[in-house]
Amino acid sequence: MDKEIKRAIILDNYQNPINKGLKKDDSYILKNTNNESCIDNIDMMMKAENGVIKDILFDGEACAICTSATSIIIKSLIGKTLDEAEKIITNYQDMINEKDYDKDLLGELIVYEDICMQPNRKKCALLPSNAVEKILEVIRNEKK
Amino acid sequence: MNRDDFPILKDGVIYFDNGATTLKPNCVVNEMVNYYTKYTSNIHRGDYDNAMKTNEVYDKVREIVKDFINAKDIREIVYTSGATESINLVAFGFFKKYLKKDDEVLINKAEHASNVLPWLVLEKEIGIKVKYIPLDENHELTIDNIEKTITDKTKVISVAHISNVIGDVRNIDEIGKICKSKNIYFVVDAAQSISHYKIDVEKSNISFLAFSGHKMMGPTGVGILYGKKDLLEKTDPLKYGGGMNQSFESNGDYILKTTPIKFEAGTPPIAEVIGLGEAIKFIKSIGIEKIHDYELKLKEYMVEELSKIPNIILYNKNSKSGILAFNVEGVFSQDTSVYLNHYNIAIRAGNHCAKILKDDLEIKNTCRVSLCLYNTKEEIDVLVKALKNSKDIFKVVI
Ligand SMILES: Cc1ncc(COP(=O)(O)O)c(C=O)c1O
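Each protein sequence line maps, in turn, to chains A and B. Going by the working numbering, the first sequence opens with residue 1, and the numbers climb by one from there. Going by the working numbering, the second sequence opens with residue 1, and the numbers climb by one from there.
Calculated directly from the structure, the hints in this document are not laboratory data. Be careful, since some hints might not be right.
[Said to hold, decoys possible] The calculated EDC-like cross-link candidates involving lysine to aspartate or glutamate, where the alpha carbons are at most 20 Å apart (straight line), are:
1) A:K3 to B:D392
2) B:K364 to A:E61
3) B:K198 to B:D73
All chains should be modelled from the sequences, with the hints used to inform the complete structure.
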């Protein structure tokens with residue numbers, strides 16, 4: 001993907017992120033996540049029914065990379081099964097951490113494939129995926 | 001000024017993060033290297049030449065610090081690991097013993113974590129009340145608001161001399177007078193002011209003063225607690241071990257040394273203490289008033305230039321120190337600092353450890369430029385130029 005297009009997608013998701021703003025609803029699971037070494041701080045809430053992700057919302061203060069990644073991750077996960085979501089997230093983390101990954105699974109998240117060139121931004125890109133992981137773990141434990 | 005004393009500057013970095021830590025001049029580093037390469041030895045324990053030399057140099061620093069802040073007696077000068085440890089020693093070594101339930105400690109929301117959390121812990125542990133002196137519309141601390149907050153129960157006022165986010169200079173002479181007339185202990189956190197503003201502990205009637213070496217062009221790992229002698233005599237150490245005891249017996253009896261040695265258990269940061277002494281000599285050789293005037297002029301120049309850029313928000317234009325908090329409209333502070341790094345400009349983005357100031361500032365995170373004597377107008381011009389081009393921020397950071 002062309003660098004300009006990537007930048008445009010990131011910028012659009014930063015300036016107009018999807019589903020920003022939380023609500024009071026007990027059927028969602030809420031988790032906070034923040035980077036100890038920087039100042040990104042987001043809350044994310046997810047609702048799943050019958051193993052399928054119905055909705056994800058977020059709020060918080062974070063940089064362009066972190067906010068846009070949160071927005072794109074939310075778009076990528078709504079409507080997916082929990083297993084699919086887990087695969088997407090692991091695959092995304094592998095990409096950011098410069099491990100082997102499957103491009104086809106990533107969709108728009110591919111815009112972050114060069115983020116490893118700026119090592120101090122990796123944690124910004126990873127932050128929303130940590131929130132998703134935390135929530136998926138709660139859901140998994142609930143099912144048991 | 002004195003740029004040649006700071007070899008780091010030759011690499012071209014524009015260092016505007018002096019509130020976090022300052023650069024170190026050659027004289028500081030050289031003296032530490034001398035200790036490590038020419039006369040390494042422990043203190044107070046040897047009869048050989050190098051040990052005596054170490055003792056002499058190490059003890060001399062207490063004298064240098066005493067003169068620098070106009071203390072009366074070297075026994076009022078305690079070596080610590082930094083401002084944080086100094087304030088903790090005051091809170092837990094002294095006030096934990098002498099404050100009672102419902103006694104009030106006045107702080108404010110612009111204080112650094114190290115001057116908030118120890119008091120919050122005491123609130124939980126012994127039931128004191130932590131009260132926040134309201135800040136004015138410029139987020140500054142005024143004498144008027146201090147006077148209004150004091151009650152019969154107020155026992156301590158603990159404030160930073162210069163706040164690390166807003167950079168306002170608190171009138172410690174005036175606060176000291178109020179404390180004296182009302183019998184209130186006065187604790188001053190001088191971490192941000194010690195190398196920029198003259199401090200006279202006697203004149204300002206300060207009970208305890210805390211600062212760090214590394215924010216005054218000295219090394220990391222060392223700091224100072226000043227305390228009035230009678231107060232330090234009543235303060236308990238937080239650390240016990242070698243060097244600080246007179247004697248101890250297997251039946252459990254022990255006798256501690258007197259202040260300041262009773263607070264300095266274990267082998268101290270010897271090289272760092274020596275470096276701190278050199279840092280103070282360096283500051284004195286230039287003159288602290290001269291440093292202060294120079295930095296303030298620089299700040300005024302920076303404010304003037306940045307005010308011309310429409311999308312730059314300045315939060316503390318008027319504060320009389322070299323600290324400026326700002327944001328680029330619509331841009332998260334960290335994105336701005338990542339952008340400025342591309343111009344080799346080092347600034348700080350975040351809440352600057354003043355996490356409760358957000359209640360008042362209505363914005364959690366800011367960019368902060370904090371100046372030091374080696375900064376120049378030319379460096380500010382580079383910053384201004386970069387921020388004028390800030391429409392390119394996302395081209396650079398994404
Ligand atoms: C106002 C203020 N107080 C205290 C501290 C703590 O200093 P240190 O981390 O050296 O103990 C700082 C450091 O940023 C500060 O700015």
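Hints, one by one, checked against the model:
1. The straight-line distance between the Cα atoms of A:K3 and B:D392 is roughly 15 Å, inside the 20 Å bound, and the hint therefore holds.
2. Taken as a hint, the B:K364 and A:E61 pair is honoured in the structure, with Cα atoms around 8 Å apart against an allowance of 20 Å.
3. A hinted pair counts as satisfied when its Cα atoms are at most 20 Å apart, and B:K198 with B:D73 qualifies at roughly 18 Å.
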